[in-house]
Structure formats: C-alpha cells, structure tokens
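Given the coordinates of chain A, work out where chain B should sit on it, guided by the hints.
Below are the chains, spelled out letter by letter.
2 protein chains.
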Amino acid sequence: MKPSIPKGTRDFTPVEMARRNYIFDTIRGVFRLFGYSHIETPSMENLSTLMGKYGEEGDKLLFKIQNSGDYMSGLTDEELLSRNSLKLASKFCEKGLRYDLTVPFARFVVMHREELQFPFKRFQIQPVWRADRPQKGRYREFYQCDADVVGSDSLLYEIELIQMIDMVFSKFGVRVAIKLNNRKILAGIAESIGQADKIVDITVAIDKLDKIGLDGVNAELADKGLPQDAINKLQPIIKLTGSNSQKLDTIATVLAGSENGLKGVEECRFILDGATKLGLNNQLELDLTLARGLNYYTGAIFEVKALDVEIGSISGGGRYDNLTGIFGLPGVSGVGISFGADRIYDVLTQLDLYPKEAQGGVKVLFLNLGEQEAAFCMGLLAQLRAHGISAEIYPDAAKMKKQMSYANAGAVPYVAIVGSDELAQGVVTLKDMQTGEQRTMGSDPFVSFFTEK
Amino acid sequence: MKPSIPKGTRDFTPVEMARRNYIFDTIRGVFRLFGYSHIETPSMENLSTLMGKYGEEGDKLLFKIQNSGDYMSGLTDEELLSRNSLKLASKFCEKGLRYDLTVPFARFVVMHREELQFPFKRFQIQPVWRADRPQKGRYREFYQCDADVVGSDSLLYEIELIQMIDMVFSKFGVRVAIKLNNRKILAGIAESIGQADKIVDITVAIDKLDKIGLDGVNAELADKGLPQDAINKLQPIIKLTGSNSQKLDTIATVLAGSENGLKGVEECRFILDGATKLGLNNQLELDLTLARGLNYYTGAIFEVKALDVEIGSISGGGRYDNLTGIFGLPGVSGVGISFGADRIYDVLTQLDLYPKEAQGGVKVLFLNLGEQEAAFCMGLLAQLRAHGISAEIYPDAAKMKKQMSYANAGAVPYVAIVGSDELAQGVVTLKDMQTGEQRTMGSDPFVSFFTEK
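In order, the protein sequences belong to chains A and B.
Its first residue numbered 3, the first sequence is counted upward by one per residue in the numbering used here.
Its first residue numbered 3, the second sequence is counted upward by one per residue in the numbering used here.
Next comes chain A alone, as it looks inside the complex:
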C-alpha cells in the first residue's frame, strides 16, 4: 500500500516547520506585546453554530463530521432514497470543522461573557478547513492568525492594529502598503449621489481605474445602471489623488450632506493622524477602492499589500458592530486583523528573508567513534544541554563519511570529535563546519565556547 494524504492538505517537513514557526512566533510576539491574550477553540463546532454564517456557498464548503454510532437510525426509506445529500447530511452529521476563527470567537465570547473582562483582546492561531477546490496556494487546511478586540468602539484600537501590522512586517523585513478605508465613507458616497444600493458596484468599478482608465470606469458605472448625474458627482472621488489629508478634504466636500459619510471621514482622519504621529515604518494610505468584506464591516477596513512581490493581500481586517448578535449578544462592537500565514510564507521565501535561526537544527553534533568515546561525549552533551545548548550525538560508530554527511544534511555549525587520542587526554576536537577550522580543547573550555557566545 502506497500512502498518500487527502488532496488540498500538506505535511510540513522540519525545514518548512522552522520557517512557519518563525512566522507564527513573530506574529504571536507582536500580539502579546500589544496585550492580546491567547485563546483556542475546538476544531469541531456544532453545525448549528456554523451553518448560515458564511452564505450558501460557505455551507457547502464546510467539512461535516459523521455522527458516531448508528447515524442512520430514525430515517425513513423515503428520506434515504431521496438521495438528497445536502438534506441528509444534516441528519448524518451534527458537527463540522471550523471554517474560520471569527464565528467560533463570537460563540466563545457569548458563552464565556461572564468570565471575560471587556474590552476583551484575544488572539488565536489555529487551522481552519474549507472543502474548496484545491489549487496553487489554496489549501483545504490552513492556519489563520487573528487578533480582535471586542467590547469597545474606541478608535485607539484601529491605530493599535495598524501599529501591529507595521511592526509584524518590519520584523519580517517585508515592505508593505497598509491600506485604510471606511465603510461609512463608502455608504456616504453611494447615499449622497442617491445610489445607496449600488455601493458594491461603485466600489468595484472605481477599483479598476488603473486597469481600464477613467472612461472605462464611467462606462462600467453606466452599465450598472447609474444615472449620468450620479456619475458626474462621482468624478472627484474616482480621480481622487494627493496626500491622505488632501483626499479626506475632497471626500468631505462630496459628502457634505451625509452625516454618516462625514463620520467616516472623521474616523479616518483620527486613525491616520494617530498612526502617522507614532511613526510607522511602512506607508499608510487611504484607499477608497478597498471593499473587503463590505457586508460585514461597519467602520474601518484594513488591507496589506506586499510591495516587492506580486501576491494578493497578506493581511486585512476591519471593524464590525454586531459580531455576537447572531448568538444572542447584540451591541458588542469589535475590530480585528488577520494575517495570512501561507502567503507570508511565500513572500518570505521569494525574498529570501528567513533569518539563520529559522533553519532549526542543533548547534553541535558529536561524532561517535566507539563505545568508550561515545560515553565520554554523553557527559559533555548533558552539560551543554543543561546550559540550554541544543546538541546531539551520532547514534553508532558508523563510518566517518556517513556521520559527516548526517552533519551536513542537518546544516550543523559545529562538529565535536572525541577519538581514542582525545579520550586518553580528556579533550575534544571542535570543528567549525563553515570555516573547516579545528581546535582541540579541554571539557571546560569546550562548554564555555558555546555558553559564552
């Protein structure tokens, strides 16, 4: 039997895991620095928690878990022979695998609301599962890295989340553009030109300016049913240029009649000013074409693009005002961001940005040149490890060539050699695998060599 794994899933080898851990550790470190607390939720949720939360398409993409025991009992012949696989799934299955971290988080907040202190800042780094058609860069099991705060509508959190994005990518050494938009501005625009229901069409069309030009955008707007006077009023928005502050001034003029729209402008101004004053390493720009999760977000919308690699957004998020309402706890405002670990992995690989430490592996390998020699090495090994220096010994007195090829495959920086001569004198020969240099020394200087570096 030749083993395989389900399509759309992956094994992670030591080299891949070392890189992934570098990514997760960096993100987790920033989450903690900003006071976000770690939680985890079960991989499986009741289907009643998940169904209907991701649209009709989402329901189909849920992985459903068959009930244990006799899952077919209680079904009539008619039901069975209907072969209605979607309807029967709800009889066969009560549980499903987590589709994202947001709905389980909402469920968590509602279930634990008595124990939690609000505002509640949490992060969560766990896999999610989607029965999507697998393709390059899209998997059926992948990790999400989310940080959210619920129970406050303070815009300081928007500023904080932008700082977090900036810090994460600064640590990675990836240059990014952080894009900001606001649902209230978009709603205000659509509203102020009398086209409140066309908000998505308008945003999608403006987004194409670079590709199809001004005439193209206007043609598409007309095509979507916007009257000419509405299109005319939109021109300053479509042609929006200048600094963030200049853009906001222009928008404020267009939105003069929309209370909601002006509130969005004010929010953006506060966030942009606040974040800029604190000194970001990356550019932060107002981008009205950002429509990410438009039906879901109610205030700020974030998205992050890598500047030096062609790839989709590598982080994003926004403010939502009624996340927990679906589970019976209305009026809890929240804002959050999510980092796309798989895309960040690709970006760091392409730009060759993994630090040396992200290679994993031990600091030193002891060669095994015989039973007595190995016993001597085991003592040194124990000393190194007691000092927190990762080290190992080759398990058998195999041929030198075999042992050295093991050292090379593991990219071990140092090899320690104790042959019969060294054993007799109680010394160790230390070989620097990069330079090829060899030095013989006593046990104490040997241990110090590693602990004092």
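Treat the hints with care, as some may be off.
The list treats identical chains as interchangeable, and a pair is accepted whether it falls inside one copy or across any two copies.
To be verified - Pairs of lysine-lysine, PhoX-like flavour, derived with a Cα cap of 25 Å:
1) K279 - K365
2) K9 - K62
3) K173 - K455
4) K265 - K241
5) K55 - K4
6) K62 - K4
7) K4 - K89
8) K93 - K4
Hints were generated in silico from the structure; no laboratory data involved.
Remember, predicted model here, so these are calculated numbers, not experimental data.
Same frame as chain A, now just chain B:
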C-alpha cells in the same frame, strides 16, 4: 439561539492557554535541545491510512468526514436501505481525523523517505480526535506531544529519551518515577517457563502484587491456565526486589536459557547504567509489570508516574521495530516517548507549580484620562513595545473605578497614570499594583524602569 460546543471538546480561556503554553513550550524546548525536529501532518488523513491500525474498537472511534458534493451517488437502493451504518460510512467518507500522531508519522516517514536524513528525530505536538465516550479527564479532542527517532537501533536513544523525560519533569518541578521494562525480558520469561503465549496474562497478574498479594497473583496465574511448575519457576520474578542491578542479576538467572531474554537484560543494563551515570534528578527503576503497548513495542518500554499526585501515567513510550512496515517500508527501527499534556496540566494545577510568567498578561496598563493624555501615552506605549515590553492603554476615558477593575482583572503588575498635571509637566505616575507605591518620573526614566529590569 444559545450556543454550545460538541461534548468532549473544550474552549481554552487566556488563563488556561497561558498554562498550556507553558507546558508545550517546556516540552518543545527539551525536544529541540536534544535535536528533535518539528514536523506537522494534516488533521485529516485518508481513512485507508487510519483504518485497521488501532484495532476494531479504534476503527469505531475514528471521526469520519463526509465526502464533499454528492456523497450518495452510485449507491444502490439496497445498499441504502440496508442501513449498515459502518459499511456505508466507508462509501460516504474517504477521510478521517487523526487518531494519534504515530500512524501519521509512519505515513510521513514512508512518503518523505527520499528527503529525510536517517536517523530521523522528529517531534510533533498536535491535537488528535477520538469518538470516545467523554468523561472526567477524557476528551474527544486532545493534544499529544511525541518525540521519536526512526532509522537506528542504537540504545543511546533510549538513554537520551530517559534524560528528556527527566529534564521535562525537573523543569516542571514535578517529582516522578521513570519506569523501564523490556519486551524481550517479558518474552524471555514466558518462553523460559514454556508459556510464550501467556505473556500478557503473566504481566497483568504480576502487576497486581501490591493489591492482591503473592497468593492472589499465584491464584490468578493458575486461573489463567499456567501449570504449577511454571508458576513455581516464576516465583523469583514475582518476588523481585532490590536495586535495578540486583533485579537484573536475578532475572538473568531465570532467563539463562533464553537468548532473547538475556538480550533484554543486557539492553536494560546498558540503558540503566548509561542514564544513571549521567545523573538523573528522578528515580529510574526497572519494573517488570510494565506492559504498556505490549503488542506494539519490541524492546524498551517506558512509563512515568507522578509521585505526589494520584493520577495515571503522565508519559510513556518504547521501542518498536516495524512501525513503517504497514506502509511498505520494513526494517525501520524506532523509539519514542509521548507526554500527556492534559494530565500534566492537572498535576501542575494540583501542585500549584505554574510559574508567575505562565499567567500571561501585559506588564503595564496606561489609564486613559482624556484624548490629549491618551495621545501622550500612545507615544510612551510605542517606545515600551519597541523595547519588547508588553503594554496596553485603556481605550476610553472611562471612570477610574472601571479602568482599575480592568487592571485588576488582568493582574497587571504596573499601572501608568498621565492626568492633566502629568501631561503639563511631561511626566508619568507609575503605580506598583502589588505594593500600592506610586512614583512620578519623566519619560526616559519611565521607559528605562521597564527595559533595565
């Protein structure tokens, strides 16, 4: 709708996660120190990989995932109406959730054998799922923490694994007994008294010595069909006492005629001598009643018991000679250990052994006493975070009482206060929440206070 989670699963709150992370980080740290590399495998495996690997009972306990799309097509009316839920499950489902980390690891080794360098030392810390009846301390989703090395039969690895167990529990501050046995000794005993097929009955009976006494054990052996002369020959083994070395001498006498048995004695002697010479913090004892995974292990068997808490084994493992054979790669010897995170959690909780750092939370909370004041604090916050000091600000200028109760709930050690007076002077008042002491200082000394500790 009142939300709930599937029975046998758990949410982990920030306090629980901080403790769990302390456990995982400690174990992971020791795994790395000894040169074990991190891998991960997908949560779902093909059922063909999992089925038949855990016995008939195990097959029933696998969580099966329903195929996406029309999983009912191609089934005849007869098949459907048979309501044979077990047989139909194999039509409805191709995938299942991982039941342990061992079978996926074997599958991994076989699939990646060309890329791996042997001996291959890997660790894996991931959840597993079992459709067991949930009860106190038994969950349907729980983490396993495994370290194994495959591709070598060197006993240095047995010694190393014992050192790892010793180091992990020393770091936790938990006193344990590390018990060692060897499948070859057990087989040798059964063989040398002419009862090779009664090996399990013999081990189980001897295990009851403390509870039912010598007469009870002998009665049970007779009850299981052992002839009197075989029982007589067993007496020195049942009454085995003394140091590890004395016990081995006694066993060697009984096993004089069994080559395999004597090999087991020699292996135990080498492992016990080697590990003891390196200086363990915990007791290591030969225990012939250890029968853990008897059908599976072929050499050393390990088990760890906490000395100060009544609980089952908290770690265990052993050597197996044909793990990858089921996937077409015979002759690969391996040895490994597994730490039971949930039981260790209970032990550490019961003995109150979590260090302060395992509480999580930020070092300092800035109170929010107004927009200007908050803006000033945001600058200080950014400086602290740039130095790696975790910190946060209360998001609104809420009542002092509310802000302080947030600080107390988060067990924040320091609170920073910038009111209008402080703002005018560009200073901060720092309150030590443990002593209640307050000091007012400039920005630079404030930052230094945290960075220089």
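Hints and how they fare:
1. K279 - K365: between (43 Å within a copy, 24 Å between copies)
2. K9 - K62: both (17 Å within a copy, 24 Å between copies)
3. K173 - K455: both (24 Å within a copy, 24 Å between copies)
4. K265 - K241: So K265 and K241 pass the 25 Å test inside one copy only (22 Å; across, 84 Å).
5. K55 - K4: between (39 Å within a copy, 15 Å between copies)
6. K62 - K4: between (31 Å within a copy, 24 Å between copies)
7. K4 - K89: between (35 Å within a copy, 23 Å between copies)
8. K93 - K4: between (34 Å within a copy, 20 Å between copies)
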